[in-house]
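*Asks:* Chain by chain, the residues run as shown.
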Amino acid sequence: MTSDLLTDTAAGLAARMAAREVSAREVVDAHLDRIEATDGDGTSDTDVHAFLTVVADTARRHADDVDQRRVTGRDLGPLAGVPLALKDLFTMRGAPTTVGSRILEGWVPPYDATVTEKLRAADVIVLGKTNMDEFAMGSSTENSAYGPTRNPWDLGRVPGGSSGGSAAAVAALQAPLSLGTDTGGSIRQPAALCGLVGSKPTYGAVSRYGMVAFASSLDQAGPFARSVTDAALLQSVIQGHDPRDSTSIDPVRVGRDLPDLLADLDAGVEGLTIGVVTELQGEGYEPGVLAAFEDSLRRFEALGATVVEASIPHASYGLPAYYLVAPSEASSNLARFDGVRYGLRVDAPTAEEMNAATRGAGFGPEVRRRIMIGTHALSSGYYDAFYNQASRVRRLIANDFATAFEQVDVLVSPTSPSVAFPLGDKTDDPLAMYLNDVATVPASLAGVPAVSVPNGRGAEGLPTGLQVMGPLLGDDRCFRVARALEADLGLDPVPSGANAVAPA
Amino acid sequence: MRRPSRRRVSEMALSEAEVRHVARLARLDLSDDDVAELAPQLSQILEYAEQVGEVAADDVEPMVHPFPVTNVMRDDHPAASLPRDEVLSQAPDAREDRFAVPRIVAEDA
Amino acid sequence: MVTTVKEGWELVVGLEVHVELVTTTKMWCGCLTHFGEEPNTNICPVCTGQPGSLPVVNGAAVRAAALIGLAINCSVNETSQFHRKNYFYPDLVKNYQISQYDVPICSEGHLELEVEGSPVTVGIERLHMEEDTGKSTHLGGSGRLHGADTSLIDYNRAGVPLMEVVSHPDIHDAETAQAYVRELQGIVETLGVSDARMDQGSMRVDANVSVRRPGEPLGIRTEIKNLNSVRSLGRAIAYEAQRQIEVLEDGGEIVMQTRHWDESTGRTETLRVKETVTDYRYFPDPDLVPVHCPADWVDEIRAELPELPAAARARLTDAGVDEAQAAALVGTSGMLAAFDEAVATGADPRTVANWLVGDVAGQLSTAEVDFADSGITGAHVGQLVALVDDGTLSNNLAKQVVEHLVADRGSRSPAVVAQEEGLQQVSDTDELQAIVDRVVADNPDTVATIRDGNTKAIGALVGQVMKETRGQADPRATNELLRAAITP
Ligand SMILES: [Mg+2]
Ligand SMILES: [Zn+2]
Chain D
0 MTSDLLTDTA AGLAARMAAR EVSAREVVDA HLDRIEATDG DGTSDTDVHA FLTVVADTAR
60 RHADDVDQRR VTGRDLGPLA GVPLALKDLF TMRGAPTTVG SRILEGWVPP YDATVTEKLR
120 AADVIVLGKT NMDEFAMGSS TENSAYGPTR NPWDLGRVPG GSSGGSAAAV AALQAPLSLG
180 TDTGGSIRQP AALCGLVGSK PTYGAVSRYG MVAFASSLDQ AGPFARSVTD AALLQSVIQG
240 HDPRDSTSID PVRVGRDLPD LLADLDAGVE GLTIGVVTEL QGEGYEPGVL AAFEDSLRRF
300 EALGATVVEA SIPHASYGLP AYYLVAPSEA SSNLARFDGV RYGLRVDAPT AEEMNAATRG
360 AGFGPEVRRR IMIGTHALSS GYYDAFYNQA SRVRRLIAND FATAFEQVDV LVSPTSPSVA
420 FPLGDKTDDP LAMYLNDVAT VPASLAGVPA VSVPNGRGAE GLPTGLQVMG PLLGDDRCFR
480 VARALEADLG LDPVPSGANA VAPA
Chain B
0 MRRPSRRRVS EMALSEAEVR HVARLARLDL SDDDVAELAP QLSQILEYAE QVGEVAADDV
60 EPMVHPFPVT NVMRDDHPAA SLPRDEVLSQ APDAREDRFA VPRIVAEDA
Chain H
0 MVTTVKEGWE LVVGLEVHVE LVTTTKMWCG CLTHFGEEPN TNICPVCTGQ PGSLPVVNGA
60 AVRAAALIGL AINCSVNETS QFHRKNYFYP DLVKNYQISQ YDVPICSEGH LELEVEGSPV
120 TVGIERLHME EDTGKSTHLG GSGRLHGADT SLIDYNRAGV PLMEVVSHPD IHDAETAQAY
180 VRELQGIVET LGVSDARMDQ GSMRVDANVS VRRPGEPLGI RTEIKNLNSV RSLGRAIAYE
240 AQRQIEVLED GGEIVMQTRH WDESTGRTET LRVKETVTDY RYFPDPDLVP VHCPADWVDE
300 IRAELPELPA AARARLTDAG VDEAQAAALV GTSGMLAAFD EAVATGADPR TVANWLVGDV
360 AGQLSTAEVD FADSGITGAH VGQLVALVDD GTLSNNLAKQ VVEHLVADRG SRSPAVVAQE
420 EGLQQVSDTD ELQAIVDRVV ADNPDTVATI RDGNTKAIGA LVGQVMKETR GQADPRATNE
480 LLRAAITP
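Chains as they are written, first to last, in numbering that gives the first Met the number 0: chain D, 0 to 503; chain B, 0 to 108; chain H, 0 to 487.
Since the hints were derived computationally from the structure, they do not count as laboratory data.
Here the structure is a predicted model, which is why all the values come from computation and not from measurement.
Just so you know, nobody snuck in bad clues.
Below 20 Å or equal to it, Euclidean Cα-Cα: the simulated DMTMM-like pairs (lysine to aspartate or glutamate) are:
id: 1; chain 1: H; residue 1: Lys5; chain 2: H; residue 2: Asp169
id: 2; chain 1: H; residue 1: Lys5; chain 2: H; residue 2: Glu252
id: 3; chain 1: D; residue 1: Lys117; chain 2: D; residue 2: Asp66
id: 4; chain 1: H; residue 1: Lys134; chain 2: B; residue 2: Asp92
id: 5; chain 1: H; residue 1: Lys224; chain 2: H; residue 2: Glu129
id: 6; chain 1: H; residue 1: Lys134; chain 2: B; residue 2: Glu95
id: 7; chain 1: H; residue 1: Lys84; chain 2: D; residue 2: Asp383
id: 8; chain 1: H; residue 1: Lys398; chain 2: H; residue 2: Asp388
id: 9; chain 1: H; residue 1: Lys134; chain 2: B; residue 2: Asp96
id: 10; chain 1: H; residue 1: Lys466; chain 2: H; residue 2: Asp436
id: 11; chain 1: H; residue 1: Lys134; chain 2: B; residue 2: Asp84
id: 12; chain 1: H; residue 1: Lys84; chain 2: H; residue 2: Asp278
id: 13; chain 1: H; residue 1: Lys5; chain 2: H; residue 2: Glu248
id: 14; chain 1: D; residue 1: Lys117; chain 2: D; residue 2: Asp259
id: 15; chain 1: H; residue 1: Lys84; chain 2: H; residue 2: Asp205
All chains should be modelled from the sequences, with the hints used to inform the complete structure.
*Replies:* Below, the structure is given as structure tokens:
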């Protein structure tokens with residue numbers, strides 16, 4: 000019974016709760032027990048360490064409340080009572096938000112993120128806050144100040160990042176759903192490495208209000224799930240215009256509604272044209288990743304899609320542009336962490352010295368590195384060659400996508416050039432770590448939606464992911480294509496392998 | 000108000016002195032070891048990033064957001080403020096209902 | 000005459016004026032802009048820079064900025080952009096100020112001023128929108144920044160909309176700088192967008208001052224802060240010009256620096272030396288989208304512009320009011336409206352101006368009451384003039400009425416004051432005749448002198464009558480009756 004609650008999908012659990020076969024309290028308790036059994040505090044190499052904070056009491060109270068309202072016949076949302084793990088970058092009253100950083104240790108935010116409000120309004124039950132690369136800067140979750148998260152498929156490997164905790168929580172059956180954020184691939188890459196579905200919505204589809212900012216023009220929140228349907232359901236809950244975020248999509252201004260992510264979800268790929276991005280494969284991608292990708296392309300054809308070559312000619316400039324835009328914005332966004340209003344303070348005789356001492360001690364090496372890159376890139380004499388020029392490259396890449404979407408319905412590529420790599424493998428070489436984002440960064444820069452869906456196993460039997468990219472507001476199309484592949488593959492989403500997390 | 004013209008970047012890999020200058024701008028205490036480690040790392044990353052100069056001539060309009068919307072504004076209507084004590088409770092040092100900081104040396108702007 | 004600097008030198012001044020807008024809410028959030036409240040009560044996630052919070056532009060502030068821009072003859076740029084100005088300071092919650100950089104909302108305007116009777120034009124480079132910072136109090140030491148060991152910060156003011164108006168360095172004497180600031184004050188007050196109080200900080204003026212030999216390139220400038228009144232502005236510029244000239248004449252160099260005006264010593268003092276140009280790392284704020292001001296919207300705003308001070312002064316002088324009085328009427332809060340109201344009752348414009356700028360303003364100044372707070376209305380002044388015109392009040396009596404208006408804060412009309420205080424002229428001939436007869440009878444020597452041809456002596460008798468009537472006798476009628484009584 001318990002293990003069955005853990006392996007079920009969010010949609011499945013919701014249906015069983017609606018039919019009163021099981022209570023929200025039972026579902027929540029089963030997941031809290033699973034967290035207790037598998038998560039640990041990161042000190043043992045068998046700890047998944049997906050969570051930084053577990054709000055067990057709040058979660059149980061919320062579950063009881065959902066159950067009570069269901070008894071009184073109240074109308075509840077489609078995900079009511081379903082547990083969720085929240086990346087520790089969304090503010091939530093009553094629980095600390097650390098963003099994986101010492102500098103915010105102990106901070107209890109005085110307000111809820113819009114996403115947090117939407118989850119509560121939908122009666123999705125937050126179990127806790129998940130581990131992440133500090134300030135979402137990283138691709139392995141090894142940059143957390145609170146120790147790394149381990150990949151449930153192989154506890155000696157990284158879950159990807161920066162939303163590694165959210166990915167690992169869902170893969171480890173600690174929660175059927177989680178939320179992450181994606182600035183250059185921080186949802187899609189860990190989804191691929193943990194055998195999950197992960198989605199980065201169209202920029203502006205989900206409010207950024209209450210998300211601790213990394214790079215404002217790129218950050219988007221999105222779901223992790225073990226099925227495409229679950230991911231689409233969760234994204235439906237969190238998307239929508241928010242007047243508190245000036246960059247949130249207002250259907251009135253844009254002249255288009257946010258997509259209905261569920262209507263055509265099971266419509267299949269017959270008749271669709273799928274473009275394979277020439278620039279996002281080949282050299283630098285592991286053979287196992289490429290083999291799984293080729294297999295997926297054959298499946299799409301067999302399912303009735305037309306698979307064609309497509310080009311994002313400036314894709315190779317994506318990574319350099321990203322590593323200017325994101326650190327530049329971050330250097331400014333992270334200036335507020337100065338020891339005055341919240342978080343850490345390291346005492347010093349003057350305010351200036353206190354600021355510098357606090358920031359020097361509170362930020363980890365990768366965050367400091369990016370603040371330095373960004374500060375330099377924005378400084379007098381460099382702005383034009385760096386930030387401004389990178390923003391011009393963004394335009395070229397966005398134009399490339401627009402042109403491609405005149406010919407094809409979606410674009411596909413491998414999500415990550417490799418399967419999950421061993422902990423510590425790339426920590427000494429920042430640039431090698433950055434290369435993990437090579438396939439995910441172009442869609443981020445263009446603002447277009449992209450979904451990563453499991454598409455097989457690569458080296459060591461570890462999961463691989465396929466990235467489906469759509470035109471602006473074509474999130475529904477991405478999910479539809481991902482769903483067709485998922486249905487055709489019929490992969491088991493539960494981790495397996497010699498060094499996998501203990502089975503439920 | 001015009002910025003100085005674009006520089007050739009590769010000619011100027013970051014020296015340790017420049018790293019220290021940037022760290023001062025960013026209000027970041029760095030040890031000598033940090034500086035020694037960062038100088039080559041930052042130089043390498045910036046050299047890689049410098050590729051963006053190979054494409055996108057000046058006539059390409061920089062892009063920050065995918066939708067070209069303008070004039071996102073709110074009405075001048077009040078909204079609830081936060082309880083002072085809740086906000087001050089998060090401050091490392093608060094006195095007399097204010098946020099307290101050590102002596103401010105220079106006025107910046 | 001304007002005060003000139005030492006012969007052989009030219010003074011060059013550019014002004015940066017920050018104006019706090021009186022919108023209901025702050026620039027990026029719904030917190031109130033009220034002043035004088037308990038510290039840190041008007042704060043929220045946005046204006047305290049809580050992680051994850053985001054700014055949303057207050058449309059009323061944009062409208063006000065365009066309105067001011069048009070009033071100072073600027074063009075409103077079709078597209079403008081918010082940039083981040085990055086610098087660390089504890090009163091700046093995000094450690095960057097959202098401001099405008101290469102494309103401000105308004106560019107290139109000017110103000111036409113009257114300085115000591117001569118027209119002067121001062122060019123305006125730009126007007127941009129930004130946000131105010133929090134307020135620091137310094138503990139320990141003198142309460143000032145220097146010597147303090149701890150500073151306390153109140154963020155009620157953080158995020159209040161600020162407009163910054165930057166002039167060209169077109170100003171060559173302190174009086175023009177003062178006139179420029181007064182004109183700006185008058186404009187924003189007329190527009191109803193700011194209190195523009197230098198003493199309360201809702202208008203803050205920084206003066207960039209340099210000197211040069213005529214014809215030479217611009218000298219190195221210093222920036223003067225802490226100017227709390229138009230008067231200090233003038234004093235500070237004059238002092239600083241003299242100081243710089245002395246340094247240069249002694250063979251020294253001017254150092255680029257910020258200087259603090261000390262009102263008590265009447266000197267400027269080094270606040271800090273700018274070793275290098277601060278690197279603010281401006282870039283477009285990715286949390287905000289551009290501001291678009293299409294031409295038809297600008298036209299709509301332009302149509303809303305009320306009569307501005309320069310136009311009002313011209314209208315008054317056309318109506319015969321003298322220039323200095325016109326300037327005073329326009330430059331005193333609430334006085335122009337009172338003038339117009341009084342004139343609308345049928346009173347003569349020059350007479351109304353005389354009363355307002357003369358006795359009313361004079362007595363209010365003695366009583367240290369602002370006209371705007373005096374309770375005296377245009378209707379009061381109109382009625383006062385009418386009472387003088389119809390002989391109910393003499394000029395002297397009318398002045399006494401004004402004293403009551405000032406003392407009572409205008410709670411009674413002039414007619415009521417005159418009646419209740421018994422200030423009407425005695426023009427009842429029988430009553431006056433009786434008094435005249437008595438004065439003539441009581442002063443036979445004077446009467447004899449007058450009869451002997453010393454007609455000037457009649458003034459002494461008029462004075463006697465006035466004394467008997469406590470000044471209420473109609474002087475003309477008194478004169479006539481006295482002459483009739485004396486003439487044999
Ligand atoms: Mg300013
Ligand atoms: Zn606020």
